[in-house]
Amino acid sequence: MATTYKSISLERTGNIYIITLQKPPENRLDVAACQELIRAYRQIEKEFGRDSEGAVILRGNDAKFFTTGLDLHERDVNPFVSSDGFYPLLATILDFPFPTVALITGHVMGGACLLTLAHDYRIMNDSRGYWQMPPVNAGLHHDGMGSLIRAKLAPQVRRKVLLEAHRYKGPEALKDGIVDAVAPPDQMLDVAIAWAETWKSKAKMGVYGVLRNELVGEALKAYQMNSYVHHRETAREPKIKL
Amino acid sequence: MPESIINEPTLALDRYDGNVFVITMRKAPENRLNVEYAQKIIGAFNQVRQILGTDSEGAVITKGNDAKFWCTGSQQHQQGLELDESDRNPYANSEGFFPLLATIVDFPFPTIALVTGHTFGGACPFALSHDYRVMNSKRGFFSMPPVNLGLHFPGIGTLPRLKLHPQIARKMLLEAHRWTGKEALQDGVVDAIAEPEQMFDVAMELAKTWAPKAKMGVYGTLRNELVGEAAKSFREISYNYSRKADHPAKAKI
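Protein chains in written order, with the numbering used here: chain A, 372 to 613; chain B, 2 to 254.
Extracted from the complex, chain B is given alone in its bound form (with noise of 0.2 Å):
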């Protein structure tokens, strides 16, 4: 049985064996990101850090509800962006999403996106700023429509652009492919694919695989020899009230 650690009605933070924490996200309908989710997600992260400490085994799961709640057909988003509320709070990915994706980013210990729905906008960045993604086999689509919408910020492109195939990257940003799973995986957007009972255990097994590589102390400035400039442009657009960096989407979905 888990240790529940958090237990909200938006948020579940569980500790499984072997140091294996995973975040369960459940904002119905769509898990959207607005200032106070990202903020309560990273809050999670932190929250793992700190009983971790450092030179420790550990892992995170990031996932979406429980298989059993998304079960019921219609079109529905893992995550995405509250693009209203950009209108309300014009720097709300400033004081939200941008800091969230710099927190995964930097995380000390691997981490693993378990994708189970459809992943949509500005949960592509999202999903690809974990170490590792694990997808449904049979439902869900991921796509990345900034193209198709006129949006744009500073360091949007610098996660395709590290860990995809140039020619990938590019169907990712400039064509807005729409993958499925199994064509998630042929390109090399995720790591797995599994059925819906079985990709939890799938993220599990990748989670005590890898959590063992954090014991040294090393493994997030490693990353970061991989992936820092994404951090770094995540760091750089987080908290700006002074200047705007972002292109607002022309078009909302």
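Chain A extracted, bound-state conformation (with noise of 0.2 Å):
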């Protein structure tokens, strides 16, 4: 299925589909390349097909950087540029039918944070990169940016990453259960592949995406319920640019 993309590039290993970022400097995500990525988690889901083993990673290109999160510029000139690429991608992800996998490869700040906690699983880099939510600092936020993060984690590292903005390197996040395993930049990815192939026949019964709603139905319902909205605004103009 010859289906080009610009700012992400796609591969196929056994039953496990990589997802790389390829926007530099810092993959940062403004409509185009989320709407990339859904048309890449649709084409995916299309051919896994129903009823079958599959995952999906998600990763950067690099060790230095995942994403540093959405294109502030762009809601310049578009005040409803997350609702039209942003909130759609995460209920995507937050929808699809089979295991999502983020690769945290490097930083990752502030609406890319959301984008690695509405995968099932985090992996990430245990030496480099910084994973960091902003929004407290900058003035920033939006109609439901604590849904996610009531999802998936305990109460109090919540308060530590949407009051304190508190800064995570791996390991730290990996004992706070905000990412789920962290492994030295040159076996990431294999470790990303070895969770991968551990979960993807989760996904063969059918039922994968509707259980999982039933630990993020809110969130879910919260990103649905902002895409393509155009009649009020869904977020908060921030005070400074990060």
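Accuracy of the hints is not assured; some may be wrong.
[Said to hold, decoys possible] Label pairs and their in silico Cβ distance ranges:
#	chain 1	residue 1	chain 2	residue 2	range
1	B	E230	A	Q558	39 to 47 Å
2	A	Q558	B	I43	50 to 58 Å
3	B	G189	A	A565	23 to 31 Å
4	A	R529	B	N8	46 to 54 Å
5	A	E543	B	L223	28 to 36 Å
6	A	V600	B	H166	29 to 37 Å
7	A	K546	B	M217	38 to 46 Å
8	B	G19	A	G420	57 to 65 Å
9	B	G44	A	H601	52 to 60 Å
10	B	G19	A	D422	48 to 56 Å
11	B	S243	A	A565	43 to 51 Å
12	A	A536	B	Q187	26 to 34 Å
13	A	K610	B	S243	46 to 54 Å
14	B	Y240	A	M596	26 to 34 Å
Hints were generated in silico from the structure; no laboratory data involved. Predicted model only: the values in this text are computed from it and were never measured. Note that CB positions come from ideal geometry on N, CA and C, so glycine has one too.
Can you join these two chains into the complex? Each is in its own frame, and there are hints to help.
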């Protein structure tokens, strides 16, 4: 199936698909990149077919960055930018019928943290890269911003992430349950693939997405509700652009 | 000596000191919950409620067979749903299992599940619907297999989501992890483990400790501040005949 992508590349190994973000310098997610990602998840779903095993890994292209988040300058020209790209992307991943793994190869900030939390599993670089959500520092908010944090993290960690803007390196992120494993840069892809291989069979009976939504349904609803909304603001203008 | 209140072949209800009531399930071979049995257990809970009245100390322990009986070594599940019954009656869960879960989560007194042996499938929400869980430290597994069977009902994940750490809820619902007693304690799936000869006493101790909390008449209300969403979702799918809520299993075990 000939589908071309500009910001990402896809490769398949057995029943595992790897999506690599390739939008230098920092893989910032503008509307076009988010829509490409959505298209990629849909393509992969179609290729796996229903009631079959499969898993998807999303990763950065080097050990420096995963993605440093949304393109905040794009918001200057399009106030609905998140509604047209980022929220639908999160909804797509939360809804996805197969297990998903985020391989946090390097720095991840802001909206990108939510992108990693939307995945079922997170593997992080053990020696390089920070995971941090800075909204409280930047005067930023969007409706439902806490839903993924509530769905995936223990109460005191939620506070640390959203109200303290704590900056995590891999080992601490592991300790706080933000990520499931850490690995050295030269092994992290293998670790992510091993995780994907372990859980891919859980999709076979066709209820993986439905059962996941028993746990994250509120977050899915929050992002669906804000997708493609143009009649009202769903996010607050940041006071500082990061 | 406990006072016997119900003494039927498949179910017993006994009253102990301190207003602690013990429901013993003894429906050979595996205490599977069909409609009739689920309704019987609901009846036992209702009877306890009627005996105790409001603003009274009290607690209920739900246990499997006497340790003496299941000590046979072979695969002996404590509970699970009779998946064949769904073939004859597509509303079986709606008439028995879901109302049972709703009853327990709503119950005005502290509840303790004494997990004497294997806990499998529907037995897991049944155990999780209780306020506390005590498990056999030596024998028995706790596992929820819906992801492996293609099974779902709306609200199947509410109790894991509300009672367990997110990574543990994922382990239960998306990985179908099989916990031993020791692991279950470590992951917070159960609150205590004990050797077979002691587990009843441990459950009784817990029951006696928490029974007084019901005296001021707000125990159930306060519990529902924490897990009320689960009670609502079970009630929502109880006694439903005009639409199908659940995803029946693609595989039977």
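Okay, the hints, checked on the actual structure:
1. B/E230 / A/Q558: 39 to 47 Å: Cβ of B/E230 to Cβ of A/Q558: about 41 Å, so the range 39 to 47 Å holds.
2. A/Q558 / B/I43: 50 to 58 Å: 53 Å, holds
3. B/G189 / A/A565: 23 to 31 Å: 26 Å, holds
4. A/R529 / B/N8: 46 to 54 Å: 49 Å, holds
5. A/E543 / B/L223: 28 to 36 Å: Between A/E543 and B/L223, where Cβ atoms are some 35 Å apart, the hint holds.
6. A/V600 / B/H166: 29 to 37 Å: 33 Å, holds
7. A/K546 / B/M217: 38 to 46 Å: Check passed, 40 Å falls within 38 to 46 Å.
8. B/G19 / A/G420: 57 to 65 Å: 58 Å, holds
9. B/G44 / A/H601: 52 to 60 Å: 56 Å, holds
10. B/G19 / A/D422: 48 to 56 Å: The hint (48 to 56 Å, Cβ to Cβ) holds, given that B/G19 and A/D422 are roughly 52 Å apart.
11. B/S243 / A/A565: 43 to 51 Å: 47 Å, holds
12. A/A536 / B/Q187: 26 to 34 Å: Distance hint for A/A536, B/Q187 holds at roughly 31 Å.
13. A/K610 / B/S243: 46 to 54 Å: 52 Å, holds
14. B/Y240 / A/M596: 26 to 34 Å: 31 Å, holds
Of the numbered hints listed earlier, not one is contradicted by the structure.
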